[in-house]
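2 protein chains.
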Amino acid sequence: MKVIPYNDISPTYFDNDLAKGVAGRVLVGKNDGANNFCMRIFEIAPGGHTPKHTHPWEHEMFIHAGNGEIYCDGGWTEILPGHVAFIPANIEHQIKNTGNTLLKVVCLVPPQAPEM
Amino acid sequence: MKVIPYNDISPTYFDNDLAKGVAGRVLVGKNDGANNFCMRIFEIAPGGHTPKHTHPWEHEMFIHAGNGEIYCDGGWTEILPGHVAFIPANIEHQIKNTGNTLLKVVCLVPPQAPEM
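Chains A and B are the protein sequences, given in the same order.
Residue 175 in this note's numbering is what sits at position 66 of the first sequence, and the numbering runs on without skipping anything.
Residue 163 in this note's numbering is what sits at position 54 of the second sequence, and the numbering runs on without skipping anything.
Next up, chain A with everything else stripped away, as it sits in the complex (with noise of 0.2 Å):
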C-alpha cells in the first residue's frame, strides 16, 4: 500500500523550447509494483505549457485544479477542476495554463509509455 501526499515526491521540470513551465511527478508506477498503468501529475505554471506532440499510447486525465486549454483534434477546449479527458493514441495534443494559479492535470498512460 501506499498512500502520501503528492507534493511528497520531487518534481521533474521541464522548460524549454517545447515544454514550459511544467513539473512532473510519477505518483504510482513500476517502481511501485503497478505494472498495467501509470499515475502521473504535472503542475503547469501560468503563462506554462506542454509540448505539442504525438505518440503512439493513451492519455486518461483528470484535472484536479487550475483552468486552462487542451488542444486535441485540431481545436482547443477549455478544461477545469473536475473536468475528464481522454485522448486517443497518436492524437496531437497540448495543454496550457490560461489561469492565474497552476493548473494540475492528473495523466495516466499504459506501461508501453514512459513513466516521465
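Simulated from the structure, these hints should not be mistaken for lab results.
Be careful, since some hints might not be right.
For chains that are exact copies, the list does not tell them apart, and a pair is met inside one copy or across any two.
As the list claims (entries may be wrong) - Heads up, simulated DSSO-like pairs for lysine-lysine below, C-alpha to C-alpha not over 27 Å straight-line: (1) LYS213 x LYS161; (2) LYS111 x LYS161; (3) LYS111 x LYS129; (4) LYS129 x LYS205; (5) LYS111 x LYS205; (6) LYS161 x LYS205; (7) LYS129 x LYS161; (8) LYS129 x LYS213; (9) LYS213 x LYS111.
No experiment lies behind these values; they were computed from the predicted model shown.
Since the structure of chain A is already known, use the hints to place chain B on it.
Frame of chain A; chain B shown alone:
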C-alpha cells in the same frame, strides 16, 4: 477525444449493507475506446463508505476533494485532497468519509475489473 465535466456523466448509486452514500461514475472506459485501464470517480457522502472488500486487481487513486480515511494493510490512514493511493491486488480495503463535504476519489482499475 473526450473532454467533459465529470458531472455530465450519470452516477450509479450504492446504498446497501456494504456500501453507504456512494455515487460512482465511469469517466473513461471501454465505451470510449480506452482498453488498457478505466478511470472512475466515486463521491462518498458525509458518513458514507465503500464496501470493505478484496479483489484480484489493483487500484490507483487520487483524492480530488473532501476528507476521509482509507483502510488497507489492517489500519486506517487519513486521506485529503492531493493524496495518492495505490492498493495492490488482493489487499482488503475500504474508504470512508470523515468530513462534512463530499469525498471525491478518482480510482482506476485494469481492464479485467468491472468498470462499475
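Status of each hint after checking the structure:
Taking the shortest Cα distances, LYS213 and LYS161 sit within 27 Å of each other inside one copy (18 Å), while across copies they are farther apart (30 Å). For the homomeric pair LYS111 and LYS161, the shortest alpha-carbon distance between copies (18 Å) is at most 27 Å, but the shortest distance inside one copy (32 Å) is not. For the homomeric pair LYS111 and LYS129, the shortest alpha-carbon distance between copies (25 Å) is at most 27 Å, but the shortest distance inside one copy (30 Å) is not. Proximity of LYS129 to LYS205 under the C-alpha cut-off of 27 Å is restricted to the intra-copy arrangement: shortest distance 9 Å within a copy versus 39 Å between copies.
In the homo-oligomer, the alpha carbons of LYS111 and LYS205 lie at most 27 Å apart only across protomers (17 Å), although the nearest pairing inside one protomer, at 30 Å, exceeds that limit. With identical chains, the CA atoms of LYS161 and LYS205 are at most 27 Å apart within one copy only, with a shortest distance of 10 Å there and 40 Å across copies. Proximity of LYS129 and LYS161 under a CA criterion of 27 Å is satisfied intra-copy only: 11 Å inside one chain copy versus 43 Å between copies. In the homo-oligomer, the alpha carbons of LYS129 and LYS213 lie at most 27 Å apart inside one protomer (14 Å), although the nearest pairing across protomers, at 30 Å, exceeds that limit.
For the identical chains of this complex, LYS213 and LYS111 are neighbours both inside a copy (21 Å) and across copies (18 Å), given an alpha-carbon limit of 27 Å.
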